[in-house]
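A.B. asks: As you go down the protein sequences, you meet chains A and B in turn.
The first sequence lines up with residues 215 to 672 when you count with this note's numbering.
The second sequence lines up with residues 33 to 376 when you count with this note's numbering.
Keep in mind that the hints were calculated from the coordinates and are not lab data.
Among the clues, some could well be false.
A few chain B residues that don't get close to chain A, going by computed Cβ distances all over 10 Å [stated by the list, open to error]:
| id | residue |
| --- | --- |
| 1 | Gln116 |
| 2 | Gly298 |
| 3 | Gln314 |
Listed below are the simulated DSBU-like cross-link pairs for lysine-lysine, each with C-alpha atoms no more than 35 Å apart in a straight line [said to hold, decoys possible]:
| id | chain 1 | residue 1 | chain 2 | residue 2 |
| --- | --- | --- | --- | --- |
| 4 | A | Lys531 | A | Lys231 |
| 5 | B | Lys65 | B | Lys163 |
| 6 | A | Lys531 | B | Lys65 |
| 7 | B | Lys66 | B | Lys249 |
| 8 | B | Lys163 | B | Lys275 |
| 9 | B | Lys376 | A | Lys541 |
| 10 | B | Lys376 | A | Lys598 |
| 11 | B | Lys376 | B | Lys65 |
| 12 | A | Lys541 | A | Lys667 |
What you are looking at is a predicted structure, and each value in this text was computed from that prediction instead of being measured.
Even glycine gets a Cβ: it sits at the ideal position worked out from N, Cα and C.
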Amino acid sequence: MTQILMPALSPTMEEGKLARWHVKEGDVVKAGDILAEIETDKATMEFEAIDAGRIAKILVPEGAEGIKVNAPIAELAQDGEETGAPPAHAAASAQAPPTRSAAPIDPGSPPGQVLPRSGIGISSREIPAGAEFVTMTVRDALRDAMAEEMRRDESVFLMGEEVAQYQGAYKVSQGLLEEFGERRVIDTPITEQGFAGLGIGAAFGGLKPIVEFMTFNFAMQAMDQLVNSAAKTLYMSGGQMGCAIVFRGPNGPAARVAAQHSQDFSSWYAHVPGLKVISPYFAADAKGLLKAAIRDPNPVIFLENEIVYGRSFPVPKLDDFLLPIGKARVVREGAHVTLVAHSISVGLIMEAADVLAKEGIEAELIDLRSLRPLDTATVVESVKKTNRIVTVEQGWRVCSIGSEIAAVVVEEAFDYLDAPPLRIAGKDVPMPYAANLERMALPSVDDIVAAAKAVCYR
Amino acid sequence: MARAEATAAAESEAELRPANGQIVDPAALDRLKKFYRDMLLIRRFEEKAGQLYGMGLIGGFCHLYIGQEAVVVGMQAALRPDDQVITTYRDHGHILACGMEPAGVMAELTGRATGYSKGKGGSMHMFSREKNFFGGHGIVGANVPIGTGLAFANRYRSNGAVCLTYFGDGAANQGQVFEAFNMAELWKLPVVYIIENNQYAMGTAVSRSTAEVQLYKRGASHNIPGEAVDGMDVERVYEAGQKAIQWAREGKGPYILEMKTYRYRGHSMSDPAKYRTREEVQQVREKYDPIDTFGARLVRAGVFREDDLKALDREVRQIINRAAEFATESPEPAPEQLYTDVLK
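Just chain A, with the same shape it has in the complex (with noise of 0.2 Å):
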């Protein structure tokens, strides 16, 4: 008897729902029948049988959701074994490797229940009192922000490649097609230069252009047509031109896709003057800063994260919930040592954290949300109360958003400091592909946890 397992059907992929079932015990296929409709984070997709045989079990029931990657699904005798002989030891069907296991799925809470404030990336500041939550992931979120912003504003239309008819690449526009039309909602040729050049123009013209990247990997092809174009025209022109146009997509490493398209390029764009640069990690971040970036009169640069897309987090169930662009956001209070980070790094030094205060350690957890306008006053003050600062990020070291950080501290807050800041980063060299090398790659958790204790002398 050969198991057939749950395949991983996109690089970040850690589980998913079987949507239906085209087979049904005791029916013979062979190999190239579709045997189920698997839907991932990103897409709902036919899985093929790769042996033929005849199915003698079916393990998981139609509809059934967060099914692991390499779980056992159905069982497939074949040439003639009899049906409850044991399995096989071989996995037949589903070749995927052990996917790279990402920081947990941090837990969501039911729709409709009003959470407490503290820990789930909310601040009190930013949401009225009394406000229910519902649990959404942030691929959704940011869907909402854009259906609500086009909704709210006839010139807002969002063009890229896939976001149409395919529901976009990473499935954020999902819906989006079906509500405003081909007019607003248009699917763009593979020509990154091109259509980041068109959309500022649309945004010269007095449109407010979302233009999405499938990763910003690629949006590197266009990179003049952002610094040059976008970012410089209010100011070569004496303040007549302008330009309300938000550039989003995913940004930094995904899993197993090596060097090419694996890369943070937070750095890159906070280096910029001319540019807003929002890189959020929670839901209601992500929502609240989409939206306020669509409004906004200047070039947003909106950073997300594939591996992120698919985590839930409670957003506030509010008509219009805007947030302001360029202000951290204290995450976790905390007397020892101040960890500060960005889109998925917020993951990390959270997890940290827990690791850390069980030894007696209490980290302070700052969130950026934006690079430019860079919040280092919520920085600095953290530091003058914990004296020690560790930050955390997926790109590289040279010239990173740590390396920035660090320098206003130390310019700022010397005199606090009990330790010289530490900057843990990407390994300095292009994303390797083998699962353990790209572990390597990437800063951990135990990586954050060492340099909090180096600081704190422990």
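We have chain A already, so just place chain B on it with the hints.
C.D. replies: Here is chain B on its own, set in the frame of chain A:
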């Protein structure tokens, strides 16, 4: 007084009945006169800019439009006020043709607070929101997707406006130009691409940089119609412009006009001009100069007398001299301007 009026009336009568006996309608006559004056204004402006550069009053890069005046003047006359214009860094002629004052343009060249970009853009970054002139872009080819995006906004709003997107023979080889062509035709955007082929991309002749030297064919693989135009003849430019703009305005998509033109001066002020002979430049100047040939034609047709041309030249020189005075006497931007206009 009465006599003077009578003389003026007789003169305008003469204009309506030029030497060849053909009756010209007054609007067309006014247009011909305006062509001449607008080209002359750009020529004199650029000569003065060259002079001020030599005196150290204009800095950095300064790309003069001398020789190419017929292109922008002819095209501009075919536009509606709500149409848009975008071009590259050789942009003095374009902002003047849009109707902005020489003084404000010259003050931008000298880096003064009274320049149209408050002295922060300089020669390559002229803009006028008022006249729908969207610059003034320094990266070769980058303005082409942007102009296509302005056309996209027109189509999105169904406002009937057309965007004129100018670029040079050098930019025609940039990849993003083809990316823009593709989307423009795919989405039938109202954009007219004007390739100002002045024969040299900086110092490299078209034949040394370009496999197919007939640049109007550049849209062929995208099904964009293209046409070569004598860019030294303002009337031919105007006619071609009208046709192309109408095509775009009717929703048929983009149109390419390759303007065969010539620049007399160097690519910029620091051009050693080793790539062509003086004789070549002289020959074009003598035989094909867009202003001289057109002026002679107007005189032959009786639209202007030689004296009129001289009077016009005096008037234009005066305007340019006043602009130069304004540009050299205006104050530099206030120090606090360093930090303004970075963000809205």
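A.B. asks: Each hint: holds or not?
C.D. replies: Quick rundown of the hints versus the structure:
Separation of Gln116/B from chain A is inadequate, the least Cβ-Cβ distance of about 7 Å not exceeding the 10 Å criterion. The claim that Gly298/B is not at the interface with chain A holds, since no C-beta of that chain comes within 10 Å of its own (minimum 24 Å). With a least CB separation of 37 Å from chain A, Gln314/B remains clear of the 10 Å interface cut-off, as annotated. Only pairs whose Cα atoms come within 35 Å are accepted, and Lys531/A paired with Lys231/A is accepted, the gap being roughly 26 Å.
Among the hinted pairs, Lys65/B with Lys163/B is consistent with the structure: their alpha-carbon atoms are about 22 Å apart, no more than 35 Å. For the hint linking Lys531/A to Lys65/B, the alpha-carbon distance of about 66 Å lies beyond 35 Å, and the restraint is violated. Restraint check for Lys66/B and Lys249/B: satisfied, since their Cα atoms lie roughly 32 Å apart, inside the 35 Å limit. A distance of roughly 22 Å separates the Cα atoms of Lys163/B and Lys275/B; the hinted pair therefore holds under the 35 Å criterion.
Proximity of Lys376/B to Lys541/A is assessed by CA-CA distance (about 18 Å); at most 35 Å being required, the pair is judged to hold. A hinted pair counts as satisfied when its Cα atoms are at most 35 Å apart, and Lys376/B with Lys598/A qualifies at roughly 33 Å. This hinted pair does not check out: Lys376/B and Lys65/B have alpha carbons roughly 42 Å apart, beyond 35 Å. Note on Lys541/A and Lys667/A: the hinted pairing holds, with a Cα-Cα distance of about 28 Å set against a maximum of 35 Å.
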